[in-house]
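Two chains, two frames, a set of hints: combine them into the complex.
Protein chains in written order, with the working numbering: chain A, 1 to 524; chain V, 1001 to 1206.
To be clear, the hints were calculated from the coordinates, so they are not data collected in a lab.
All of these numbers come straight from a predicted model, not from anything done at the bench.
This list has only true hints and no planted wrong ones.
A few chain A residues facing chain V, derived, Cβ under 10 Å:
{"hint": "1", "residue": "68"}
{"hint": "2", "residue": "176"}
{"hint": "3", "residue": "177"}
{"hint": "4", "residue": "178"}
Coverage of chain A stretches by chain V, computed from C-beta distances (three or more under 8 Å per stretch; other residues unrestricted):
{"hint": "5", "region": "44-54"}
{"hint": "6", "region": "332-340"}
{"hint": "7", "region": "444-454"}
Heads up, incomplete: computed chain V residues facing chain A, CB under 7 Å, no partners named:
{"hint": "8", "residue": "1169"}
{"hint": "9", "residue": "1172"}
{"hint": "10", "residue": "1173"}
{"hint": "11", "residue": "1202"}
{"hint": "12", "residue": "1203"}
Note that CB positions come from ideal geometry on N, CA and C, so glycine has one too.
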Amino acid sequence: MTRITCDILIIGSGAAGGVLAATLSELTNKRIVLVEKGGYFAKDFFNQNELDMRVLYAEEGQRATVDGSIVVRGGECVGGGTTVNVALSFDPIQAVWQGWQRDFGLTGFSFASASDYGVSGLNLRSATAEVRRRVNVHTPADAEINDNNLILDKGCRALGIAAKRFELNMRDCIGCGYCTEGCAYDRKQGTMITFIADALARGVQLIHHCSIDQIVFERRGGVTRATGARGSVRASRPGSQPNTVPPGALQIAAGIVVLAAGSIESPALLERSGHPDPQHILGKGLVLHPSLPVIGLMDREIVNYRGISGAIFSDHFYESRGFYFECLFGHPVYGSFVFPGVGAEHFELMLNFSRTAAFGVMLVDSVDLANRVEWDRMQRKAVIRYRLRESDKSRLRFAAQTAVEVMFAGGAREVLLPSEESVGTLRAPRFQRAEQAALCAELQFRPHATTITSAHCQATVKMSEDPRLGMVDSRGESHAVRKLLVCDSSAFPTSCGANPMIAIMSLARYQGRRVAAELARYDL
Amino acid sequence: MTHRRDFVASCGALVLALSGCQALLSRTRLASLALADPHPDDYEPVLGALIATILPFDHPRFPPISAAEVQERLLALFPLGDERYLVLQKGLMVFDDTGLFPVLEPPMVAEARALQGANDAAIAACAAQDRRRYVEWRRAFPSGATSFIALQPPARTGYFRLWGQSGFNSKALFYSSAKRLVMIAAYSMRDFWRAIGYAGPLLKPS
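Chain V with its partners taken away, still in its complex shape (with noise of 0.2 Å):
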């Protein structure tokens, strides 16, 4: 007994949460991709990236699913070409752009010292911290690419740390988003269920 649009507002909520990801998109750099409204060509080959990152399609236990398949799951799920996800389609083109990661710090100032009760040495040890864990991050895994989509895979996922391990609301936000929206597309499947041997429902679907 599946109702399809009840879900797809329950997952508007879930998404919503990402609207913190607004912090991101306010300053310099950030101005064009906070201006122009993303084309589904640019955010998502990004969303196919992260889910190939959040899943191990090559596990040799993964269920017999592709990352395609997870995709379109997760866009029947949560319906990002509609307006309402705007920000999370900014958010992935953001998110993109490795080289915005240490540069964020400035517009998201004021939402650490409102949200966080941040103080300025607070402020700038994240900050720092940042922008050493980029460094190292740069250091050990070398490449001319400026985009997540075009890094190798261990390299991605290096990246999508960055992100969780941030002191930053917005930037920690979105990691946990991002997997929390790939997670519910995956593990509500039954292929996954099996994989895990989870049995499912008691009562025989309807």
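Only chain A is shown next, with the shape it has when bound in the complex (with noise of 0.2 Å):
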């Protein structure tokens, strides 16, 4: 058994847990710990593999809702999503959050140049922008944009719907395309090397290959108190950096304990160690952006699996429907999964694999508290417990249709969704004249039957000042536990409204500048 104290705990490594790290060990003398259930992962590693990089992601790249439908991509290892994601960075949008301060009660969080709390200069506008200035985050240059970013604009703006071009946390990016499987350059700047970095520097200890069990509560007062949490090591992959603690039981005693696992562990985590839930609200109401492969064959060969895979977007619809396009690009294994159907059909779309294009539909979804995350002790992990509202599936299907419709417009001679539904005559969605794009009006979107896929998972510990609707106020701070913070995307109280990186980045610059201003409040 390995014992450790510190004085602030902190669960998780992802775009949260990272920036708190460095935020905390920046503005404060106090021992940090930083734990991470994967592993520890330089640039060596990455061999740009999509098999060997598995070991990057959650339930390694096959977690799923639990009828197995809705793959939900999650990345575990040191710097979570950032290290595996594609650098798709927006800021936290204002009427998001300010419709969060009017439905869910939340203080603070001002996009003004306001001091929150009486601590000078806090508030989520300057927090955002340090974070943008330490991931660098910019817009790619006309030179980088590659042939499948270029179909995706050209579909937009011959259907007059406004094409965009996304930031991105890059720093000279070479264009190899393997962002999801760890940039073996160190040109995205995710948090592994750029606010861990920091953190370790300043003596931050890290711990990883580390599950938490529990986290440790102690009643003592008629007060509930989180004093540390309990887990285990395990033995490093191969190819990991070295662990500061030995693989073995673990025990860490802490003075205040963060949050920072996401949306899917960190309810689980809570609910597992017994954090009281009276209102029935922990890990409910879980929306995961279902987003919408589109496919389109192009006559000519394209650069599509090299160059920056996410280079342009459309928000036209964002506002009115609540989706966007968005480009992106997978390889073969993946593609292999997104293309319909089996034999000689399957193959002649792989066999198109340099003539294709594609972009995603991305949908807001909206909060159905029958969504959620679950702890199951027979199994020993989290559930997920998913299903497409009707709603939802509505505006789905005039994205579908309008995506359709843009990858006509850009250029393709045939355009497929990765389903086997049957639409009209048709055995499944795969178009040859935009006109047939209106029979997506008939798509059911069976589990199984047609492709949806999920990384962007949030607002499973809600955030509210009202302890009926969330599980932590503004702060983060629990209703029900003292000394306990929850800083990720399962704070949200909704969907953010786009990527969130950047959203949970500020939020954790936010509150980690936030709690070294008031260290007294924690009796730190």
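The following block contains the structure:
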């Protein structure tokens, strides 16, 4: 048994945990421990092989909803999602946060140059600006836009749909196209090589391959407090950086515990720790941004799997219908999952690999408390229960139809969806003409018959000043347990309205600065 | 830098998704299949026939790889002989008995209620649709064969599609998972990359 004592324990080293560790080590002299369930893999490990790099993902990339129909990808390694995402950077959306203030009673999170909680200069805008600087958020240059992205751009413009260029957290990207396998060149500015590197340089202890079984609660004088955590450290996988504690049982005593394990693991850990849940809301109201790939077959060879994967997007329908078109491309194993059918039909589609264009519809899904995360004691894993709401299906049908039209307008000779559902007289949504896009109105999005993907889980440990609506308050402090904070995508009350990385990092920077200024509040 | 043990563990997670197929293993005609642990000599030929259904080895542009080689790779990645793959072994045996397809309704009712939130009418509609499609398939491919292995290739494809088209989660899950297992084995091979014009990683393998 290894025993460690610290002032601040941060559980999870992704977009939130990495920023928290850096911020708290920058602004305080407290002893900080950062734990990560996955491994610590540096750039030399990232070999650009889809299969080998599955070790960077939760459940080796196979985490799915309980019916097996939606693969829910999430980074499980030092840096978390920021190590394996494609660097798409969206600032927090002011209207969304204002909506949370209105509907969930959130305080703080000012977008003006305010000093929230009386902390000089503390506001969400400044937190975002600091994050953007550290991870080098910028717009890629013309020369960096590959053919696949240009097809989305062309298709949108032809139909009068506004297309934009993504902002990306990269520095001098070489355009290898393997962001999702970890950047082998340290050009993607994920938290591992930015905020966590800063934190380690300031003496933060990082423990990886570390599973936390339980946050320890202590009840004294009628008050429940978090006092640390229990877990275990596994032997490191080959290729990982060295660990700071040996394999075996681990007990960490901490002044405060900050949970930043993401929207699947955070509620599961709270549940198995016995965190009170009098309103039965823990883990409930999961949103995961269901995404539908759209595939275009071109008459010519194009550059698709090389270059920056996501450079062009459209938020044209965000306000009115709640979805985005986002350019993305995959490698052959992923592609083979997405192409419909089997046998010669499937293989002939694969033969078009170098003439294939693709982008995704990303739906900002609405909250349904039946969509939830639960800790399954028998399987000893978090179980994800999720079904598309009928109203979301309706929006997704419109999005699919429009996306098909965009792909034709971009120059595709044939457009297909990753689906084996019959529409009209077609055995599957495989269209030869743009007019056939209207058949998307018949899609049912049946589990397994249509491939829906997800990578942005949120809103399972919601923030709200009202304990009936949220597990934690605006400071991220548990309504029921003192000295326990939750600071990650799970704390968003609903979808943050876009790819969440920068919103999560901004939240973490904000809360980190606030905690540093309010140490006395935590007896630190 | 392939770490085989890690990768096997990763595949295990995928195969675990097939545990949904346990709903297939609980009633009457299924009892003997459920009780007996299948022998590799029984389930491996089913897997081989599935591989030959999912991949078109006779296609003129197919890479110079045999079904046996794909199966060998798949079994190296997913060691089906391990006890942890028992559910998949049995799932393959249930799948092979084509006569079971239309009678699989009862064990899946509870699952349809729990997982899909289906009511009695929806469940009855799914079952009726499965039976109708099964009859159509039988009519399209008349044969005395009662096992998937014994079917001719076009009939095999039609039968496999029945599973994908089913409104019952376990059947559709079997289809999508089997497809994924075979695709992982195939499209992680360089011969397939060459066939489809994928140049592969920029980094040279170490």
